[in-house]
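Protein chains in written order, with our numbering: chain A, 1 to 597; chain B, 1 to 127.
Just so you know, the hints here were simulated from the structure itself, not pulled from any lab data. Treat the hints with caution; some may be incorrect.
[Claimed, not checked] Per the computed footprint, the stretches of chain A lying under chain B, defined by three or more beta-carbons under 8 Å from a beta-carbon of chain B, are: (1) 469–475; (2) 547–557.
[Unchecked claim] Partner residues aside, some chain B positions facing chain A, computed with beta carbon under 7 Å: (3) SER4; (4) ALA7; (5) ALA24; (6) LEU25; (7) LEU27; (8) SER29; (9) VAL34; (10) GLY39; (11) TYR64; (12) ASP80; (13) PRO83; (14) SER85; (15) ILE89.
This one's a predicted model, so the numbers in the text were calculated from it and none came from an experiment. Every residue gets a Cβ at the ideal spot worked out from N, C-alpha and C, and that includes glycine.
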Amino acid sequence: MSHQSRHSRHSDQLLLPLPGGGTGRRYPAEQNRSRVLEVAHTRLVVVGLCFMLAFCAVIARLVDLAAGSDPNLGIRLAASAPWEAARGDIVDRNDVLLATSLPTRSLYADPRDVIDPEHTADRLVELFPELDRPQLLARLSGSGRFVWVRRHLTPREQHAVNRLGLPGIRFREDQQRVYPQGAVAAHVLGFTDIDSRGLAGVERHFDSTLADGESVRLCLDVRIQHIVREELAAAVREYRAIGAAGLVLDVTSGEVIAMVSLPDFDPNNRGRAGDDARFNRVTQGVYEMGSTVKLLTAAMALDSGAITLTGGYDASHPIRKGRHTIRDYHPQNRWLSVPEILVHSSNIAAAHMALDVGGAVQRMYLDQFGMLSTPTVELSEVGTPLVPGQWRDINIMTIGFGHGIAVSPLHLAQAVAAIANGGSFVPATVVARSHEDLQSRRVLSAETSRTMRALMRLNVLMGTGRRADAAGLRVGGKTGTAEKLVGGRYKRNARMSSFVGVFPIDNPRYAVLAILDEPQGNRSTHYFATGGWVAAPVVRAVAERIAPVLGIHPAETVRTAAPEATMPDGPERRRHLLLAGLRNAMADTEGWQLAPR
Amino acid sequence: MSSSWTALIKHTTVLFLILAIGLALVLFSIKYQVQELEGQLGQLYRQIESERRSHHILQAEWSYLTDPERLRRLADRHLDLNPLSPSQIGSFATLPHPSDLHHFDDHPGPLAPVAGIMAAPAERLTR
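Bound-form chain A, shown alone (with noise of 0.2 Å):
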């Protein structure tokens, strides 16, 4: 600092006296000596400085360039290579691999460079037979610079393409888009085009996420979704369904553990699969589903009050309403109470039921229960429910009996699921997320959800669901057949045949839905194509199989001895059957004295 100002003040002494050289005062030759002495001086250390600072800018960088290295190097280096910007991988909740872009080579043309058109058409038309070649022709001889010749060349094409060594025809570097488990998911999964585009499923749901290179990890567990896959489609065998769906779906959490829509497809073929195997008949499909709403007929009119478990409508007259009438498939003749009506899947009790909730409320509850709505599912191809226009006590007594509503499997599972829980409506979802990320809304009160549990015990106990019973591994739920809508009209022997379970009902996880397609009876059915015979034996198969896999301890709960075998069939026998079923379901319900097998 003094040295600066020093410096300066001598600059100026030295400086005056230069423009105006004779005007100034004279200066003793003794004092002139000594001051240009000075300013040399000065001037030297100036320079000095100079250097010095020169000097310690280059140790600086040579200290920098040996100790420091070069920050942008890495970055420079792996932008060169090419495969940092391949589409994003799916994988499971166990981090299987399901979808993966592998590079390839491709093959193309630079017309300029091509010589002859006529013989290169013919030399690459003589190695891949399946070219077309006058189109090829054509594109070798026009004008621009790039046309694809063939994408996705096998390193043993690649070679005899450099054998040919014809100009102008090139490679470059490609991705392909590859399934590594084939049609296990197909539906989910979806595919993309040749150019790694998504077109279906959580391809075309995540595209952008995907295509920025990062990877999509769903909640389905891929050895469920197997067992579900081989169970399905042993049973469209042997009852010659036209199609099948199934699903698992986690009743608290609303992940779909898996999800199966038979015929399907291999994506890495998918130009084979024809629309009906390309359909998603979980939630693209939207169907009456018939018996298996009666449950959330039953929850909404146990939980608004409209009536008891102790109550109950006579069911001994079909009901006529204009020109529809409503009949029992099972029928009784005789009054039903609540728990009786779902054990015979009563049409006419339901329907009277639904007409005591009332249109409004039977309303609101469907709603709650997402009936009425588009699923917020990650995947493209998802349903809108067909829903009556206007809401009259006709459109009220079907619906209540799962008619005059269409909805698609996954809505079913979803309200069946809320249901079961506890209550609470979870929407499904295909991907992993966090419990925060749980968003949930309240429909039953937990009372409500607890009676609905024992209710659908009873019907796998003693109703319609009891070939859906895997041992010890406490299923409840609910059959259902609805005949198909077929250009307007009810087509027989087209049906749907469904069961929905919930296992292990006393401290339900997961729901369980099975859905057949035109399913047809055979000898060890006794001709029957109903839930029951064809569907509940299915989800029992996926329980059984399921239950070790996913941590589920098969246990029983102890039983106390029926006196009611042995006595007379009559009201009175059916009364303490009934009772003796109401108490077992409870007993599993509850869980009391759980013991193990």
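Here the structure of chain A is known, so what remains is to put chain B in place on it, guided by the hints.
Showing chain B alone in chain A's frame:
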């Protein structure tokens, strides 16, 4: 004073000359070292990239080979196993008390199947 001043300047010049030559040598050697290291780094990056690529392909292949459908086919062909059923799952509560274990042969209890395996010839178990 002036002679010592010129001597000092002379010495300084020599000193700086030596310093400059020395620094230049160090600079060049460091530069070459840096270049070599940069080359190595680039090679490593390329190697990592190619490893990552083959890892990616191997992952896809692993997923292809562990496809449950394929595993079931292989299990059907090579193994004598059936899917697990709930009746095969037990718990500690159903096991007999350790003091009863030596009664295996006399009283076929819940552990009878296990006893059967234990009684099987050794070569069948180690096959």
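Hints versus structure:
1. 469–475: holds (count 4)
2. 547–557: Coverage by chain B holds for the segment 547–557 of chain A (4 residues, Cβ < 8 Å).
3. SER4: Constraint on B/SER4 not satisfied, violated at 16 Å.
4. ALA7: violated, 17 Å
5. ALA24: With a minimum Cβ separation of about 10 Å from chain A (threshold 7 Å), the hint on B/ALA24 is violated.
6. LEU25: Violated, about 12 Å.
7. LEU27: For B/LEU27, the interface hint holds, since the closest Cβ of chain A sits about 6 Å away, which is under 7 Å.
8. SER29: violated, 10 Å
9. VAL34: Interface hint status for B/VAL34: holds (6 Å vs cutoff 7 Å).
10. GLY39: violated, 11 Å
11. TYR64: holds, 4 Å
12. ASP80: violated, 18 Å
13. PRO83: Cβ of B/PRO83 sits 5 Å from chain A, so the hint holds.
14. SER85: Given a least distance of 6 Å, the restraint on B/SER85 holds.
15. ILE89: The hint holds - B/ILE89 has a Cβ within 7 Å of chain A, the shortest such distance being about 6 Å.
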